[in-house]
Each structure stands twice: as C-alpha cells, then as structure tokens.
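2 protein chains.
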Amino acid sequence: MNIYDISQKAGVSTATVSRVLNQSTKVTEKTRNKVLAAIEECGYTPNAFARGLGLNTMKTVGIMCADSSDPYFARAIYFLGEALRKSGYDVILSCTGFDQDMRERQMSLLLNKRVDSVILIGSNYTSDTDENNRYITDAAKSIPVMMINGNINASNVYCIASDDRTAVFDVTSQLISSGRNRPLYIYNSRSYGGIQKLRGFRDALKNNRIKADESNELFIGFRRSGGEIFPVKEIKKSIEDHFAKYGSFDCIIAAEDIIAVGALKFASSNGITVPDKLAVAGYNNFELCECCEPELTSVDNHLELLCDKCVSLLMEVFSGESIPKQTVFSCNIIERATTDLKERPRL
Amino acid sequence: MNIYDISQKAGVSTATVSRVLNQSTKVTEKTRNKVLAAIEECGYTPNAFARGLGLNTMKTVGIMCADSSDPYFARAIYFLGEALRKSGYDVILSCTGFDQDMRERQMSLLLNKRVDSVILIGSNYTSDTDENNRYITDAAKSIPVMMINGNINASNVYCIASDDRTAVFDVTSQLISSGRNRPLYIYNSRSYGGIQKLRGFRDALKNNRIKADESNELFIGFRRSGGEIFPVKEIKKSIEDHFAKYGSFDCIIAAEDIIAVGALKFASSNGITVPDKLAVAGYNNFELCECCEPELTSVDNHLELLCDKCVSLLMEVFSGESIPKQTVFSCNIIERATTDLKERPRL
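One line per chain: the protein sequences are H and Y, in this order.
At the far end of the first sequence sits residue 383, using our numbering, and the numbering has no gaps.
At the far end of the second sequence sits residue 383, using our numbering, and the numbering has no gaps.
Mixed in with the good hints, there may be bad ones.
[To be verified] Listed next, the in silico DSBU-like pairs over lysine-lysine satisfying Cα-Cα at most 30 Å (straight line): (1) 247(H) x 272(H); (2) 122(H) x 45(Y); (3) 122(H) x 95(Y); (4) 177(H) x 122(H); (5) 378(Y) x 272(H).
[Said to hold, decoys possible] Here are the in silico distance ranges between beta carbons for each label pair: (6) 144(H) x 363(Y): 30 to 36 Å; (7) 355(Y) x 144(H): 25 to 31 Å; (8) 378(Y) x 213(H): 48 to 54 Å.
To be clear, the hints were calculated from the coordinates, so they are not data collected in a lab.
Just so you know, even glycine gets a beta-carbon here, dropped at the ideal spot from N, CA and C.
So that you can see chain H by itself, here it is in the shape it has in the complex (with noise of 0.2 Å):
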C-alpha cells in the first residue's frame, strides 16, 4: 500500500495526504477525516502509514506469549526485554491466549505497528498444520521472526530452544538407573514441546526394557491461563485416581514444576515418604523448586541463556548477517531433595 492507494481510497490527490500528514492547515477537517479513514480502512494506524512511507525503523520488537502471568513467560518476557532494551529496542508485549484467532490477530497488530521483528515464547507456536502456522511464516515475509522453543522451518523464521527430549530422557534414566522400575510420566501439554518430553520419557523406558503403556502417563487438563491459579490439589487428586486404577509407581516425573508440587501434595496426604518410597522431579527450576517440602529436583533449561542468544541472534539478522536456522542448548539436572540419584551412568 502507497500514498496513491491512499489518495484513490479517499477520493483526494495525492498532495492531498501529504498534507494531511503534514498536518497542513490548508485541508478542511472533512477532508482530513476522509484521509485518516481510509489509512485506517486499510489496516494501518496513520502512525504505521507514516512510516510505511519510509521513515526509520521504530527500533521496537514485539514479544507474543500465551500469558504473561506464567512464571515461564514472565522470566522469558523480562530476559528478552532486557536483552533488548540494553540493544537499544523496546517492546511491544502480545498476550494471545491459546485460540488459533487470536495469535493472527495479534500478529497482524504487531505487524501493523511495523515492528521490526516478533519474537514469539513457547512451543505452543508450532503447530502440525501448515495452514496454522501460516501467519507465523508470511510475517516472516517481511520481518524476522524469532521462536523460543518453538520449531517452524520456514525462510526468515529462526528457533532457539532448550532440548527438552533428551533432558527428559536423562532424568528419567537417571531415576531407573538409582534402581526405580515403575516411572510415571505426568504432563498437561501437547504442544510440540510437550510431545518432545513426552517422547524423552518413552525413549528412556524403551532404552531400559520397560514397557510405556497408559499406565506410565498420566495427561492431566489443567493449564495456566488467564492469570489464574494453578489448581494443585486437583492435580492431586488426578494422581490418586491414577493410582487406584494402576496400583503403586516409585517416582514421579513432571513436564512442569508445579505439577511436580502436586505430586508432593499427593505423597505426604497419602503417608508415602520422598524420595525413600517415590522420587519426584520436575521441569523449569524456577524457586517454586525451593519452596515446596522437600526441596524439588528440577530440569534447568537455561531459559536466560535461550533469551540472550534469540536476542544476539537477531541483532547479527538486523546486521544482514546469516544466522542459523536452528540453535538448541543442553538442560541440566539440578538435584535437591526429592530424588536419591546415586548411579549417574550418563554424564
């Protein structure tokens, strides 16, 4: 769109919203009015237009999470403000929710503020089709977009993520190897990074000869959202359920800290002792780790580290440099109370 849609749109010359936008005083409030609508009838704010017309970069990014009320999204939204703030950027924040409607139409806000590129934060990005990822893939027509742990292979789009498959694994082989055979993997996501750990923990059980039925996961429903309150006592009370229906489990492996505090819940209501007769470890190291009884062991994904580098990553872009497609950092285990991880056959 140009200064001559424009002009046809709103049925005036060209010179015309040039002096609009130059608040002249020479243009009738009508004839502004017309001019100003038609820049917004085409899906721009005036401001967007003005610098469609070839002003300088506005120098700010915009950052698209499900709920910036997630402790996860929190600290990614402050590491990668900071980061860019420090590069001499602000940030444009897009809370989209889960609703596939939503994450477009905050997309094409963003882009309508011509923001210089979006950084979208959580697996919950990628989706299996195409089609849903497609307007992650056009704005990459014209921006670059930066994924935290999300994976699209398309021009101009670019993943930092932790590997979360094989932290997963490694805990959950870690926990059979200090001598527990009946693992149960409990999560709330199906998000590709959710399946990523799901499929961890299967390859950790078929890698030790133990058979992975409904019986070794449990999918429980809930999810953060709308700054609500996580429900642990449900999660609780999913585990017990569980429980009556399979019989008895020796440790517990969690997609989510506060799910691994649910698990807590449920050992000290039901009289079972942590570790001795169930280990538990959970996923994101955040202080929840700290402040549940016992202590929890925990996966460290190095989330500022995934935060910097997106953030390093896109300046080299902003340069004309060539940056991989692709950049996966290690997890490490971080050991506390819960579990009793004597053997470390794996480094």
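Add chain Y to chain H, keeping to what the hints say.
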C-alpha cells in the same frame, strides 16, 4: 517542537521536511538523512514525530514496572494487558528496575513513542521527594498517568490501590485475638507500600498494648530483581539469627508470600510446629500459598480488580470524564493451614 523547528535544525525548508516525511523522490539521500537526524536529535523517533504532526492516537499504553518476572508484577501486566486489549489498546512494556535514572529514561522513551497513557505498577514508583517524582508529574502534563498502588498527589495522576495498611492491621489483630502475643513482622521493602504495611503492623501492636520495637520487626535485604530466584534459604537464616538475638515469637506476619515460605522453612528445620507453636501469614495470595507445606494463610489484595478498575478509569479519562484521584479497595484474609484464627472480633 514542530516542523519549523526541524527545518531550522536541519537547515532545510519546511517543504523539504514534508517531502522526507512523505518519501518524495525529489529529496536526495543526503538531505533525507539530515532531516531524520534532526528529528532524532530532538529526542523523537521519526515515527513519534509524524504522530506529533497531528495524526491520530497510537492506541498504545505504556506499562512500567520494576521487574516483569516478579509474580505480582507479571500478573498485573497480564490483567492490565487483557483489559487494555479489550478496549482496543496495545501495550508497550518497560522494565525499569529500582534506579531513578532508569525510571526517568524509560518514561521519556515512552513519551517519545507518544503513548496515550502510562501505567506505573508498584508502590516503589512513589518517592519521598517531589524531585524524584517530577518525571511522573511532568509526564502527567501531557498524558494521564495511572498508578497501581502508588500515591502521588498531582494533576492528571490517578492512583488505584489496595488498602495494605488496614490489611496488615487486620491480619495482625486477628492473630493476637486468637491468642498470640509475640508477633514478628518480616519485610523486604521500604517503598511507600512497604511502609504502609509496616504501619498497619505497628498500629495493631499499639491497639493491643504490645510493645513495638526492633525485636518485633525484621527487615531483610533480599529483593526480587533481574529474574533471579528469591533466596528462600537466606530468609530462613535471617529468622534464625533474629530468633537467637531476641528470643522466640509465636506468630510471623510476612510482607510477601515468599517471605512467609522462608518462615515455614525456618519452622520445619527447627522442629517448630505450624500453626501450634508458630502461626504464619503471608501477603498476595498467589499460587505459592497452595504449593508450600502447610498451605499458607495470606492476604488477597484483589489485583485483577485493581487492574480492571485502572483500565476502566483510564477509558473514562480518555472520554473526557472526571474520575477520582484515588480509588482504594479493601483486601481479604484467606485462611489456610498456617494459622488458627479462632476468634474474629473484627469484621
């Protein structure tokens, strides 16, 4: 600043500035760069300048907070963002830390982006001195400034707060009424809100003829910042030191939930039963309260309500309506397993 000032600074005619803003092909690259440099020298982005020329609102609100990874601020950002989006406004997020310089710089960046308003989250933006508050009162000369839990008395500044002083008074009074007489207040912030809470504690002691001195108050230096993990273990140690110095206490009121979690860690590692020997109450009532052991009694300060009200008041300001300078909401005590508030003489 107007188009004339820019033309003077760049040493070109106003018509040339117009041409640059309209990307006319009649301008040489050299001239174009001179004009853009002049605009930026004046502290404006070219974009913000274009808007300053009389284009419509950007429909964007700036949100400032110390640290978006703090759970309280993260939730506030989420609730404000949702409410603003429903009203058709986007969010530019700005994390300032606790330094005066950075606060002033970020405010100025937001103003240069021509946001329609700035919302400041957290009482740490309320300073003792007019001089330190000047960047806020100055900003309010051009746009309405909203403060969540702030308290600055100036034209076009609107404060929406929870009544933290009364809430701490109430929870302390209820603990005393339930038979406790050696209370300890633990806090880590001397911000405006931090002082209000401390006053509520002292009021309750005075009201119950309990001597208030340094033995009843423990200030700990740890503060959330930089996305770091809060040092729960250090809190535990500070309480042990205080205990060794001043003797025992039978209830702890904490200014934040995670401090109360540190108190629970202190109790469990010293064989002190909760709530029998030690009652513990926190503040904020977020999901941590249901993750610790035993579950934590806390004060619900209705953050979502505050945020929704803040945005609806802002929309009223935008429509030219008069709104109260100060809007204060009561808090509620949510009792869980760490207290035993049998008697409830206050309603």
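Verification of the hints:
Between residue 247(H) and residue 272(H) the CA atoms are separated by roughly 25 Å; this keeps the pair inside 30 Å, and the hint holds. As the CA atoms of residue 122(H) and residue 45(Y) are separated by approximately 29 Å, the hinted pair is consistent with the 30 Å bound. A C-alpha spacing of about 26 Å is found between residue 122(H) and residue 95(Y), which places the hinted pair at or below 30 Å, so the restraint holds. Among the hinted pairs, residue 177(H) with residue 122(H) is consistent with the structure: their alpha-carbon atoms are about 26 Å apart, no more than 30 Å.
The suggested pairing of residue 378(Y) with residue 272(H) holds, with an alpha-carbon distance near 28 Å, which does not exceed 30 Å. For residue 144(H) paired with residue 363(Y), a C-beta distance near 35 Å keeps the hint of 30 to 36 Å intact. In this structure the supplied range 25 to 31 Å holds for residue 355(Y) paired with residue 144(H), their Cβ-Cβ distance being about 27 Å. Evaluation of the 48 to 54 Å hint for residue 378(Y) and residue 213(H) yields a pass: the beta carbon distance comes to about 51 Å.
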